[in-house]
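Visitor: Letter by letter, the chains look like this.
Number of protein chains: 2
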Amino acid sequence: MSASDKWLNHVKWDEQGLVPVIAQEVGSNDVLMFAWMNRDALAKTFELGEAVYWSRSRKKLWHKGEESGHTQKVHEIRLDCDQDVVLLKVEQAGGIACHTGRHSCFFEKLEAGGEWQAVEPVLKDPESIYK
Amino acid sequence: MSASDKWLNHVKWDEQGLVPVIAQEVGSNDVLMFAWMNRDALAKTFELGEAVYWSRSRKKLWHKGEESGHTQKVHEIRLDCDQDVVLLKVEQAGGIACHTGRHSCFFEKLEAGGEWQAVEPVLKDPESIYK
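Order-wise, the sequence lines are chains A and B.
For the first sequence, UniProt numbering gives the first residue as 1, with consecutive numbering after it.
For the second sequence, UniProt numbering gives the first residue as 1, with consecutive numbering after it.
In isolation and in its complexed conformation, chain A is listed as follows:
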């Protein structure tokens, strides 16, 4: 561990070595997505200036946008009061963060009657995103 990695020790990694991450769009302040990072992912994110997450399903680093082109340029990295949640302020390439082709992953809204409804438009057909 180099001296420059010291800041990574301030983060309280969970028992799996992960930390939850919220990606928020600079400007609109929209919450775009939620993912996880391990130590390597956070170090790479800081180094590259682009969001790199840990894919729990694929068990490997996931440079967001590597397939879709929808990378996230990182403007700010924040940590919460318990040092166990990261907030990224990002510029979203293509304006699309979600694999469904929507701006944000949080497109299902609970209506008063107790029903989930998709309330955000699909901006781009996922099939044309992931060719």
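Certain hints may be false.
No copy labels: a pair is met if it fits in one copy or bridges any two.
In the DMTMM-like style, the derived pairs of lysine to aspartate or glutamate whose C-alpha atoms are separated by at most 25 Å in a straight line are [unchecked claim]: (1) Lys131 <-> Asp14; (2) Lys44 <-> Asp125; (3) Lys44 <-> Asp5; (4) Lys6 <-> Glu127; (5) Lys124 <-> Asp14; (6) Lys6 <-> Glu66; (7) Lys131 <-> Asp30; (8) Lys12 <-> Glu120; (9) Lys59 <-> Glu120; (10) Lys73 <-> Glu120; (11) Lys6 <-> Glu76; (12) Lys59 <-> Asp30; (13) Lys73 <-> Glu115; (14) Lys6 <-> Glu120; (15) Lys44 <-> Glu127; (16) Lys44 <-> Glu111; (17) Lys73 <-> Asp40; (18) Lys124 <-> Asp82; (19) Lys109 <-> Asp14; (20) Lys131 <-> Glu115; (21) Lys73 <-> Asp30.
The set of hints was computed from the structure by calculation and includes no laboratory data.
Position chain B against the provided structure of chain A, taking the given hints into account.
Guide: Only chain B this time, still in chain A's reference frame:
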């Protein structure tokens, strides 16, 4: 389970029966805090119209603001594309979500040199909040 609880089955609870929750302020769109909910917590949140979380440390339901008065009036409940993360859009009583007396819990910013810096002001002395 009553018919009206059906919407709770749409949420993908983790192996501990929990789901991560992001609280975002209506209007400013600031991300205020991050917490967890179990099924009961989400049901109560919907019923009350105020945020009720699951405290993993105290292992009980936590009606946000029960001690501090800093309750969160829920305007919207959103779910992400994997149905495993909840986003609440809330009105924050007192404008203070953090137990440190700050507006948001995400007050530590990573500076270019690799140092965390508290960049948000304490609006109220925590000792006067938790008497």
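Visitor: Does each hint hold? Answer for all of them.
Guide: Tested hints:
no.: 1; hint: Lys131 <-> Asp14; result: neither (35 Å within a copy, 31 Å between copies)
no.: 2; hint: Lys44 <-> Asp125; result: neither (30 Å within a copy, 37 Å between copies)
no.: 3; hint: Lys44 <-> Asp5; result: within (11 Å within a copy, 42 Å between copies)
no.: 4; hint: Lys6 <-> Glu127; result: neither (42 Å within a copy, 31 Å between copies)
no.: 5; hint: Lys124 <-> Asp14; result: neither (36 Å within a copy, 30 Å between copies)
no.: 6; hint: Lys6 <-> Glu66; result: neither (28 Å within a copy, 37 Å between copies)
no.: 7; hint: Lys131 <-> Asp30; result: neither (27 Å within a copy, 35 Å between copies)
no.: 8; hint: Lys12 <-> Glu120; result: between (34 Å within a copy, 20 Å between copies)
no.: 9; hint: Lys59 <-> Glu120; result: neither (30 Å within a copy, 35 Å between copies)
no.: 10; hint: Lys73 <-> Glu120; result: both (23 Å within a copy, 23 Å between copies)
no.: 11; hint: Lys6 <-> Glu76; result: within (18 Å within a copy, 39 Å between copies)
no.: 12; hint: Lys59 <-> Asp30; result: neither (28 Å within a copy, 31 Å between copies)
no.: 13; hint: Lys73 <-> Glu115; result: between (35 Å within a copy, 20 Å between copies)
no.: 14; hint: Lys6 <-> Glu120; result: between (41 Å within a copy, 22 Å between copies)
no.: 15; hint: Lys44 <-> Glu127; result: neither (29 Å within a copy, 39 Å between copies)
no.: 16; hint: Lys44 <-> Glu111; result: between (39 Å within a copy, 15 Å between copies)
no.: 17; hint: Lys73 <-> Asp40; result: within (17 Å within a copy, 37 Å between copies)
no.: 18; hint: Lys124 <-> Asp82; result: between (38 Å within a copy, 18 Å between copies)
no.: 19; hint: Lys109 <-> Asp14; result: between (30 Å within a copy, 20 Å between copies)
no.: 20; hint: Lys131 <-> Glu115; result: neither (33 Å within a copy, 40 Å between copies)
no.: 21; hint: Lys73 <-> Asp30; result: both (15 Å within a copy, 19 Å between copies)
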